[in-house]
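K.L.:
These protein sequences, in sequence, are chains P and B. All residue numbers for the first sequence refer to our numbering, where the first residue is 1 and numbers rise by one. All residue numbers for the second sequence refer to our numbering, where the first residue is 434 and numbers rise by one.
Keep in mind the hints are simulated off the structure, nothing from the lab. Even glycine gets a Cβ: it sits at the ideal position worked out from N, Cα and C. It cannot be assumed that every hint is accurate.
Now the stretches of chain P that chain B is said to cover, found in silico as 3 or more residues with beta-carbon under 8 Å [said to hold, decoys possible]:
no., region
1, 28-35
2, 181-194
3, 273-280
Protein chains: 2
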Amino acid sequence: MAIAPHQAQEFMTNSELLLKLLLQLTVILSTCKLVSYLGKRYLGQTDVVGEMLAGIMLGPSLFGMMAPNFQQWLFPKAPILTGEIVFPNPSMSILYALSQVGLMIYMFLVGLDLNMDLLKNRAKSAGIVSIAGIIVPFGLGAIAAFGLHGQDLFSQNVTPWAAALYMGASLSITAFPMLARILQERGLIKTKLGTLVLAAGSLDDAIAWCLLALVLASIKSSMNVAIIAIGGTLAYVLFMWFFGQRILRIFSYWTRRDGEVTMQTLTFVFIIMMICAYYTDFVGVHAIFGAFVLGIVMPRGHFAESVHRHLEYLTTSLLVPIFFVFSGLNTQLGLLNSPRLWAIALLIILIAVMGKGLACTLAAKWSGENWRNSMTVGALMNTRGMMELIILNIGLEQGLITPTLFTIMVIMAIVTTVMCSPLVNWLVRDNQT
Amino acid sequence: MAIAPHQAQEFMTNSELLLKLLLQLTVILSTCKLVSYLGKRYLGQTDVVGEMLAGIMLGPSLFGMMAPNFQQWLFPKAPILTGEIVFPNPSMSILYALSQVGLMIYMFLVGLDLNMDLLKNRAKSAGIVSIAGIIVPFGLGAIAAFGLHGQDLFSQNVTPWAAALYMGASLSITAFPMLARILQERGLIKTKLGTLVLAAGSLDDAIAWCLLALVLASIKSSMNVAIIAIGGTLAYVLFMWFFGQRILRIFSYWTRRDGEVTMQTLTFVFIIMMICAYYTDFVGVHAIFGAFVLGIVMPRGHFAESVHRHLEYLTTSLLVPIFFVFSGLNTQLGLLNSPRLWAIALLIILIAVMGKGLACTLAAKWSGENWRNSMTVGALMNTRGMMELIILNIGLEQGLITPTLFTIMVIMAIVTTVMCSPLVNWLVRDNQT
Numbered sequence: 001m002a003i004a005p006h007q008a009q010e011f012m013t014n015s016e017l018l019l020k021l022l023l024q025l026t027v028i029l030s031t032c033k034l035v036s037y038l039g040k041r042y043l044g045q046t047d048v049v050g051e052m053l054a055g056i057m058l059g060p061s062l063f064g065m066m067a068p069n070f071q072q073w074l075f076p077k078a079p080i081l082t083g084e085i086v087f088p089n090p091s092m093s094i095l096y097a098l099s100q101v102g103l104m105i106y107m108f109l110v111g112l113d114l115n116m117d118l119l120k121n122r123a124k125s126a127g128i129v130s131i132a133g134i135i136v137p138f139g140l141g142a143i144a145a146f147g148l149h150g151q152d153l154f155s156q157n158v159t160p161w162a163a164a165l166y167m168g169a170s171l172s173i174t175a176f177p178m179l180a181r182i183l184q185e186r187g188l189i190k191t192k193l194g195t196l197v198l199a200a201g202s203l204d205d206a207i208a209w210c211l212l213a214l215v216l217a218s219i220k221s222s223m224n225v226a227i228i229a230i231g232g233t234l235a236y237v238l239f240m241w242f243f244g245q246r247i248l249r250i251f252s253y254w255t256r257r258d259g260e261v262t263m264q265t266l267t268f269v270f271i272i273m274m275i276c277a278y279y280t281d282f283v284g285v286h287a288i289f290g291a292f293v294l295g296i297v298m299p300r301g302h303f304a305e306s307v308h309r310h311l312e313y314l315t316t317s318l319l320v321p322i323f324f325v326f327s328g329l330n331t332q333l334g335l336l337n338s339p340r341l342w343a344i345a346l347l348i349i350l351i352a353v354m355g356k357g358l359a360c361t362l363a364a365k366w367s368g369e370n371w372r373n374s375m376t377v378g379a380l381m382n383t384r385g386m387m388e389l390i391i392l393n394i395g396l397e398q399g400l401i402t403p404t405l406f407t408i409m410v411i412m413a414i415v416t417t418v419m420c421s422p423l424v425n426w427l428v429r430d431n432q433t
Numbered sequence: 434m435a436i437a438p439h440q441a442q443e444f445m446t447n448s449e450l451l452l453k454l455l456l457q458l459t460v461i462l463s464t465c466k467l468v469s470y471l472g473k474r475y476l477g478q479t480d481v482v483g484e485m486l487a488g489i490m491l492g493p494s495l496f497g498m499m500a501p502n503f504q505q506w507l508f509p510k511a512p513i514l515t516g517e518i519v520f521p522n523p524s525m526s527i528l529y530a531l532s533q534v535g536l537m538i539y540m541f542l543v544g545l546d547l548n549m550d551l552l553k554n555r556a557k558s559a560g561i562v563s564i565a566g567i568i569v570p571f572g573l574g575a576i577a578a579f580g581l582h583g584q585d586l587f588s589q590n591v592t593p594w595a596a597a598l599y600m601g602a603s604l605s606i607t608a609f610p611m612l613a614r615i616l617q618e619r620g621l622i623k624t625k626l627g628t629l630v631l632a633a634g635s636l637d638d639a640i641a642w643c644l645l646a647l648v649l650a651s652i653k654s655s656m657n658v659a660i661i662a663i664g665g666t667l668a669y670v671l672f673m674w675f676f677g678q679r680i681l682r683i684f685s686y687w688t689r690r691d692g693e694v695t696m697q698t699l700t701f702v703f704i705i706m707m708i709c710a711y712y713t714d715f716v717g718v719h720a721i722f723g724a725f726v727l728g729i730v731m732p733r734g735h736f737a738e739s740v741h742r743h744l745e746y747l748t749t750s751l752l753v754p755i756f757f758v759f760s761g762l763n764t765q766l767g768l769l770n771s772p773r774l775w776a777i778a779l780l781i782i783l784i785a786v787m788g789k790g791l792a793c794t795l796a797a798k799w800s801g802e803n804w805r806n807s808m809t810v811g812a813l814m815n816t817r818g819m820m821e822l823i824i825l826n827i828g829l830e831q832g833l834i835t836p837t838l839f840t841i842m843v844i845m846a847i848v849t850t851v852m853c854s855p856l857v858n859w860l861v862r863d864n865q866t
């Protein structure tokens, strides 16, 4: 059995792995903070945009081009081959685990932030915007998928229907957390406009994630496995909605009794979150879907706010940047090496903006808003942000899409996210004069 | 190249590793919380005692005896062998990395809590107690090490001097964080007694960790490597004390300017922490020593309290329990299979209690306290808690001590920690009547 020297050296002890992890985290955090600082200071962008770009810069598209050996050493993406056995590089397995735990907590917090009660108050207009924001991008995405299927953008064994479902779901995504942050920053979160967007965005994200769960379940190799996945997920959602919600009220009670969220309480939350994530992953849907649904059915109020405060820093500042790097390692701008592919990229961006931004603008106008407010709704609903990257990485991991389509969709996510802040700034400033 | 089936199946994909991690964390957190809840409710013990015991229960001493296959599957300690290459199990590498990051932040927070100003106010008595709490256990430990050397308790290549230095340092440890928590719970933290114990405990821990750094530096294979380790560490400590302290005041300034510790600030703290940890590990001393020293020289006040609040939950509730499990996996009660070894264990416990507890009691009495206060000082200084486990795991990892001595020392750590709460309760209750 022959092992090339550079492969043999990858067999590191735990201490060496730790040392490398410290270095990796230092590079990741420094780059993310630097780029997002520059983007915020000079371009008025949100942190997310900077961190998305930082991830791509640390991948093969920039760092990997400038210093391929150092990049390969720091983020050794290639699996290790020894004899007949192939397994992931342990150093990257550690980073991967950290990033996934980060996403799990992140999606739990997104679920926790969704406020379904908003829907009741603004049922009509939120319903119209939300339906437009699902149906139109879903339809356009599905049509595009049928057109693009067989062009090296989807994996060989993916049926046109699965491709259509996946593209539809991934174009229907709204970056709910980013939208909430922008509304907060602009002081719009409690306004009529703010609640409308929040309600529509929540509903769209909940639906898009359920669609994704459906796609993941339906691409199983055998009918039996697919039935377990769909049945198991449905049973989970129904159980959480009808019983889980009631049982979990104990957390609200504990918080009132103790006056605050104690460490014990938080640890319980974490244990339940891991069980939910484990269950949904085990039946065949992604782990973070379990955490997301758990977040939705958790009690609201003081408990939720407090949990959010406790977990936010860990997630957004430390763990999520690791995810951006993974996403960036998968993004290979070099793959877009033909005018045809760039044309497809342009088409996808157009579809995304038309499907979500324009459709939501028109829907808001139709439901009675004025043009400016309607356009603000459209601009906000159109951001994809990190939520899109999550769904794309799942699609790539599960072998639904190829690295080429992945890269195209990442560009779309960045373009729609970059558009949002300046547009909203411009619309809102005009509004106030 | 032949690979046994149970070895081949260890080559897991990243998703499988993540799924296993979720299960491992669920088991670890549930067990730690359950045992520490029972210990607190029925035996009046602190959380740490329960978590120390939970770790041992999940190791070969209980879980491994009751369900060896399941335990080996959940916590696969054995390294993977493929052909001529041996490397750690990736699943355990992930847990290891998490536990070490946890320890790093934990020791940073311990450093941040040390208040050297206390020494100025109670210089005389704190100095006497602190010196007694170092010299006596260090001397007794060193004598014991000379006596026990060559008895299969220290590794073959460890010189008697290194063994003596290590035993001395590890017997001088005080569980400073636990001591602070007990004083807080009993409302003693602001009293004369409280400041005396805190000051003496801080000083002892700072000295013991420097001694450990010295041991680690001195056991290097060659003189050159030892000089780099000692010189590099000394340079680091001096730099941090004289310059770092001044530079790091910027954090205090930022906190005042922003009114609170922002995520940006926290991320900077984290980046610097990782660089410090990387540096000390790189020159040849353990990573957590770098984080500990950084904690000591960080600015105090609002900044420190806020950082503490932000990082405490993540560390003590989520990451530190993983460390207890690692420690428990290394603890093999089955190794103590002869009356001679149990006699040695008893001797070590006796030395530990005499050296630290009795010596500090007498020193406090001599410095002018009454008997009850002096005994409280002794009981508090005598707890080893988690700090001892950290130093023991480093000793085992670095090949200083054998698993047998490790197990004996863990028993000592648990006994001295279990003693503390009831003793202090009894002494303090008497005090108030």
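K.L.:
Give a verdict on every hint.
P.N.:
Structure-based check of each hint:
no.	hint	verdict
1	28-35	holds (count 3)
2	181-194	violated (count 0)
3	273-280	holds (count 4)
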